[in-house]
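Student: Sequence positions in the sequence shown follow our numbering and run 1 to 155.
Think of the hints as simulated: they come from the structure by calculation, not from any bench. One thing to keep in mind: the hints can contain errors.
Okay, the calculated beta carbon distance ranges per label pair [unchecked claim]: (1) V46 / D89: 16 to 22 Å; (2) V129 / E9: 29 to 35 Å; (3) R80 / S120: 19 to 25 Å.
Note that the Cβ used here is the ideal one computed from N, Cα and C, for glycine as well.
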Amino acid sequence: MDTPKEKKELCIRCGALCCRLGGAVATRNEVEAIIDAGYEDYFKQVSPDVFITHWGREGVCPYLQDDTCSIYEVRPLRCRAFPVHQDSDGEIYLSLCPLASSLDDTEIASYSRLLRSTPSGFLQAAASVLETKARILQRRISRYPRRSIALNYKK
Numbered sequence: 001m002d003t004p005k006e007k008k009e010l011c012i013r014c015g016a017l018c019c020r021l022g023g024a025v026a027t028r029n030e031v032e033a034i035i036d037a038g039y040e041d042y043f044k045q046v047s048p049d050v051f052i053t054h055w056g057r058e059g060v061c062p063y064l065q066d067d068t069c070s071i072y073e074v075r076p077l078r079c080r081a082f083p084v085h086q087d088s089d090g091e092i093y094l095s096l097c098p099l100a101s102s103l104d105d106t107e108i109a110s111y112s113r114l115l116r117s118t119p120s121g122f123l124q125a126a127a128s129v130l131e132t133k134a135r136i137l138q139r140r141i142s143r144y145p146r147r148s149i150a151l152n153y154k155k
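Generate coordinates for the entire structure from the input sequences, incorporating the hints supplied.
Tutor: Now the structure itself:
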């Protein structure tokens, strides 16, 4: 397993694709942790417990600085889990970006479980806001092939 520093370097070499997918989606607790750590609040509340960062220029997360995440230590689950990600219908996928090869089965299963525990209301609220950007998001995420991991990591 790679160290966090090595994983971060992989992300920088990739150009931080995941940070160019429209920004971060977070819970109230995650946003509070970011603010408590001293970072600026770029989130917009879209439902009682769903917050999404402003898209910024060309869908780049406002916390992306020089191809690295400025809130790396307190980034939301959906950012930490990438390249394991979840569609609005709840399906879990692994994007085969350079970082994917550094994840072991235990990490993939752990992120899958965490994402799968997301309440459907959270997914629906985020999806309703991002619906207008769906084509852009799909085009960007399709840069890397992906595979469903739902069957492999149910527990």
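Student: Compare the structure with each hint and give your call.
Tutor: Hint by hint, here is what the structure shows:
no. : hint                   : verdict
1   : V46 / D89: 16 to 22 Å  : holds (18 Å)
2   : V129 / E9: 29 to 35 Å  : holds (32 Å)
3   : R80 / S120: 19 to 25 Å : holds (21 Å)
Consistency note: the structure conflicts with none of the earlier hints.
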